[in-house]
Amino acid sequence: MSQLAPLMPYHRVNILTGTRTARLVEDPAEYAKQITKAQRPLLVLGPRLLKLTLGEKLLLEYALDIAKAKNIPTCATATVKSKMVELGVKPDSVYDIVEIINALKDPEWKGVRKEGNHDLVMFFGFRTDLGEQGLSVLKHFAPHLKTMTLCKYYYPHADFSLPNIRKDEQWKNFLEGLIDNLKKGE
Amino acid sequence: MAEIKELTKKLKEAHEKIKAEIPWEPIGHTPMPEIPDLRSWDMKLLQTYKPWYAPFCDLCCLCTYGKCDLTEDRRGACGIDIGTQQARFVLLACLMGASAHASHAGHILEVLIEKHGPDKKINLGTSVELEAPIIRTVLGLKPETLGDLKIAIEYVYKEITHLLDSTAMGQEGSCLDYESKSLHAGMLDHVGMEVGDIAQIVGFNYPTSVANTPLVDLGWNSVDKTKPIICFVGHNPATSTVVVDYLRENNLYDKVEVCGVCCTALETTRYYDRAKVIGPYSRQLFYIRSGIADVIMTDEQCIRTDMPIEATKANSALIATLDKVMYGLEDATEMNTDDVVKKMVEEKKHFAILDPKKAAEVAVKVAMAIAPQRRKEWLTEQEATELAKKCNDCGMCETACPNLFDIGQGVNAVSKGNFDIIREQFNYCIGCGKCEEECPRNLPILKIMQVGASKEKWKIRSGRGPIMDTEIRTVGAPITLGTIPGVVALVGCSNFPDIRDLAEIVDEFARRKYIVVVSGCTAMAVGMWKDADGKTIYEKYSGDFDAGCVVNVGSCVANSHIAGAAIKIANIFAALPLRANYEVMADYVLNRVGAVGIAWGVYSQKAASIATGFNRLGVPVILGPHSSKYRRLYLSRKEEDEWKVMDARKRQIVETGEPSPEHLAYVCETKEKAMVMIPKLCIRKNDTPQGRAIKLNHYISLYKKYMGGGLPEDLPLYVRREPDIPLVYKKEVKAYLTQIGWKPKEPVGLPTLIGTYPTKVPVDSVIH
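Protein sequence lines correspond, in order, to chains Y and C.
Residues in the first sequence are numbered from 1 upward in steps of one, following the numbering used here.
Residues in the second sequence are numbered from 1 upward in steps of one, following the numbering used here.
No lab work stands behind these hints: they were computed from the structure.
Ideal Cβ positions, reconstructed from N, Cα and C, are used throughout, including at glycine.
You may find that some hints are simply not true.
[Claimed, not checked] Label pairs and their calculated CB-CB ranges:
1. C:E746 - Y:G116: 31 to 37 angstroms
2. Y:L52 - C:P214: 41 to 47 angstroms
3. Y:E169 - C:C394: 14 to 20 angstroms
If we strip away everything but chain C, and leave its shape as in the complex, we get:
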């Protein structure tokens, strides 16, 4: 009885927060879900997609009870086993990622509420009425103002605290429950990202309700070295936008170059299309060490933690602009502006300045003062050759390389005047600088690698934000029927293993009329490629959310618009109510929306939380080869596992025998293998025969292209009846199916997992 009372009280509180009295849609079963509320959905997913753990370490070192050896069925002093310990680490990683985005969102929201007031209306343009699909689905709240977004971010903060609590010594003891918590953290991450990007679009007046946003300059050679240069590093545009304002107000915008590395660069181009994008995180140390930047301004996330040392070495000035990263620098927020400028110019001091206006003024004045005195040239081939002559090819650099390549071979070739190898190696280099650290002769390897860097300029389409409702109305049917073969979203960092892989994947699938979506550093990496006609991906393909187009949604937090698009298909196209209806939305996406995420070059914890959020929503994710270091994948075993769904039309549970999607989190060792996995992971049980035939056509043709001919071993699992067979391969496939004794299967009317596991959601909910 007491328990029922408590639940009612909780529900009442949730209803108050989400303004339940506003009847824009009926409220679903899980308004503002807490840890247990979506647990049954998670457990259903985990029953098929079981966690696969690859421990980094035999030990648990998290408390003073240990270290504890967890090998050979040993448990820690607290009772934890090795699998649960891995799951705990994965949850911690997801929480780091989710909190990074949530904190960014919360900060930018505060800044923008201070600027515009809490009642500033959320207006994402005439083509985006469904402004916050994730917040509406998860919380049940329809945010109308910036102030409403605070309700969403406070919910995220609260849940993150609960989840973090569960990782303390002597708490959760089940790996599956830790996984459910990781899935919860991933979902919260998507809420946080959506809060952040909606706030930014509204508060900074970023482009919205438009597909083909401006093409902006990309690559370090796009920056005019003759001008003073301010370089932003990080993710949060709170200060970079104010720098742009300062330049505009003082009529200096054509006298100072504004550029950036990582997501702040992308954000700044959404505000100011004359800003330049240097490149992804992997280019950070190269660019900083080149000394081209006069002033470096850091904000948060993906910033070198040794930035003051690097800035000093490069003779650049450094301003830390956010409290999360202050580097032990003196806080000059309250100091007189001219005094700060003087100390930075004359004494070469770095400062933390937490007031964006003051930071902006100082940055511009310092850049203009020091630029004329600084040498800003790339290393010449002759200089590189001289430096490289010290290399004795000892191989120590190779042993330290996280991307496992032999940079010594390239440096050695440079010493002989051969630059071909180092040019090639520059594409693999993740820019960590570990090789230099190991070099017994202290060679400046990253500096030498400047000669391997392309001096080309490219174009990137600035981030466009949410997918428009009008676009969803156009593509909803072909995506769910399968005639648009899939949505391929390449997200996150682009460091590993070869930066060129991403553009090749994008080009392959855009040509095949998939909808391709990119974000974050990946959006930059795919721009660093040109076809035979000299066109970049963004010049070659339109920015619409449609077949054969390439959409750059924007920075890390704009990833929320990709998840949002999947939800919009269920809500706008299929007319399923989304309010506090997470299970229904996720079930729809899992069974009917052929979408796959590619997190190919990722290294950060944010990638873990973004991917895990997609997984809870029913979107499978392919990771690059190094990503087994994330410790956990979600894999099925297609021939052994059950593939039962409810046929919602017949109200019958049926065994389909069809592993679609086959995995939820998967590592591919090579780009070529990923090319084969992508079309397969876009297959859904809802595909019409025509749609399935199109999807299988791509699966077979890519298999033949990269696997040396023949037919995929698991093809019979995906052919339900003869019309599913692509026309081009009909004869070959039919002969093969006959040979193995394949039998046709009855198609499933409305495939859903609802009704196959304990849930409050009735089967009727999935029928529109």
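Pulled out of the complex, with its shape left as it was, chain Y reads as follows:
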């Protein structure tokens, strides 16, 4: 699943000094396939989704479109819930990032919909240092699940990550492609 060849993370403070690095994925269809394959995916939403826009659209709206396309449960961290409520969406759960990761570590946890722990966890909208450390927790202590990131940076500690993307247009295309592919797979 993971690959050996290390790739430099965008923020060098997160340089990986290790042996297991994320599989770099550039094709939205491949991401959609992994998500569709998962039995109980979870989308964890970070506060940077409230600050960044792609084109006219807030990043959070892309996240909610992804969740909606496949009825993926969401976890709102930090103060994300406030904006979701404003957009008329109720998060399936509210935890901070360290709390949700703490719960995900436990294979017996029932998950946010009480249907069992999740087998694929997508992270979107976190500071790269906190995100990377959180992914490291799951990489080492949650072998029962896979992790995936949707931010425009390479996250070595994830199982699946996007590359470092310099142009927002490319990122926008990826996210829109992912949403389309998820919808197609309905």
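For chain Y, the structure is supplied; the task is to place chain C on it using the hints.
Using the frame of chain Y, we list chain C on its own:
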């Protein structure tokens, strides 16, 4: 049998050291505790607040057996697993921090004993009779003289050596035992800090038994550039105080500016209120590179390790004054003073001078000689614009930024004459200079950022030292009953992620009538803010330890007075004996004192040990978002974990179902989320209905303010009975509780963990 004999011998030795024959209080169960003595308490804490490890690295690189890959359940060649390896690193960090403070304390104690003699009495003023709550609690010793403090610091040194030994290859193999050792290191750190600050207060005659200490100037613009300037960097005032003495003795105090970065600055203002505070560590490189300082004097801790290079670039003179940091410089301690001055002025040489008197004389003479020849001006906007024009917005600087922001965007805007972005970015900048290192065009980014720096002057209240016994008598009851909703202590470095966060947190909670305490670089950062009336935090709020006040205890080592205040509540207000009675004190604080620490912008190992010391004492700590890099948090899982306590009145173990405090070491990603967590982490099982209603009022109102309305998801866990519900939200909360089928719970009389785990301490000990 042999084991019992050994224990008795150990106990006898401890009793001799703590002068057991002086019967000021009965001696508790753990005089001068060694590693195993408080292990059961630690394990009890760790049962609820389990370590959460975020490995930095997949490998262990600590010995030549490896490198060893620790992924996917692999163990190192020595047998260590990834969790235990993280715990070992955390212990190492705590030991670095504890040893930094202990070594500072030991050094200053030696200096002051040489000056005043070992029999110099400890007198902290008429309002502080309980002079050393931590030393009394941990060791069982009531220190009466500077010489007595040596007993405490030697105990710390010995324990640190044992702990460090356990990190060697082929030693400890359990992450939980490493955590117990980290908690031990944290507690030792608090002892070391208390030794250091008591010695300083006594030896330097710092203010004590007073709340509203002088307001002193803060900010780099508060320094008069027309005068010779001596700038101290570090933590140890052994030399800075002698420089002040030299200026006084030679009638030069109005001819030379004395200022500092980081904690030596705070210490110096406690000695001399004309000293100026430049700012926290994050401002160090900016200030040094500005070249405003004529002479830089370093002591220890939080000093740039490339200071000789930076000083040379800025054309400043440098004197290293302590053996811990000598930079490879020539040691001029034994050289003739005039020769040293001549070489520094004419040859621009830097020296190490370990004799404070000689260092002081050299510093003043050099500063006065070189100041008139040096250009000391901030970069102008026009100069910055010219420099910034070389930027081609390649983005390399952003990739190197530990605080993850795009400084290139700001520099690029400067090149077009727009300074708004860089002014904003200056608040995020942690002053490491990594961006410059990456710039392919070698732009002096930190120099350009000078135009983003505020040229404002602020005020900071100089450190006041211990909380007075009289104050504890006033606030003890309202804190433990909950009617003062909490003590919020913002401690340590202030670098990450936005320096303005701290003042906003302080203002929010002081307005809400919490007791707010600050220390170290955070005390400086909160001063760098003004309200609409132009008042800083220190001008707006009184310095008393009371509801709605803001107390600056002082530098890093003064953090001990915050832990000391929590112990004083148990001892002075609740009348529980503290002598060698750590478990009883910690249990009281955990269950009854609604205090929370905020280590928001921290980066150093000292912050790890300070926070871990608070954790062992039962005080939860909230860390800023980058702090997951400390590798370990202590988290509970509120709905899955047991929340059993002993009801000491009924002598029954009860399941409260109430996660208070919910976590012991916690990371928040945003300031707004921290604002919501702070009131929650001040909730304690001992709260009266009135107190709980006040605490929940703040929790709900801050939740509504920052989380977009509604009620906190976990609110039902904290409502025991209807009187706990705040009046303002009564209708809404009752409707919600009815909807989810909430049932009232029996309140706990005297909540304690004593009696719920194996300990020698009887339940009677927690009843006063």
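Outcome of the hint check:
1. C:E746 - Y:G116: 31 to 37 angstroms: holds (34 angstroms)
2. Y:L52 - C:P214: 41 to 47 angstroms: holds (46 angstroms)
3. Y:E169 - C:C394: 14 to 20 angstroms: holds (19 angstroms)
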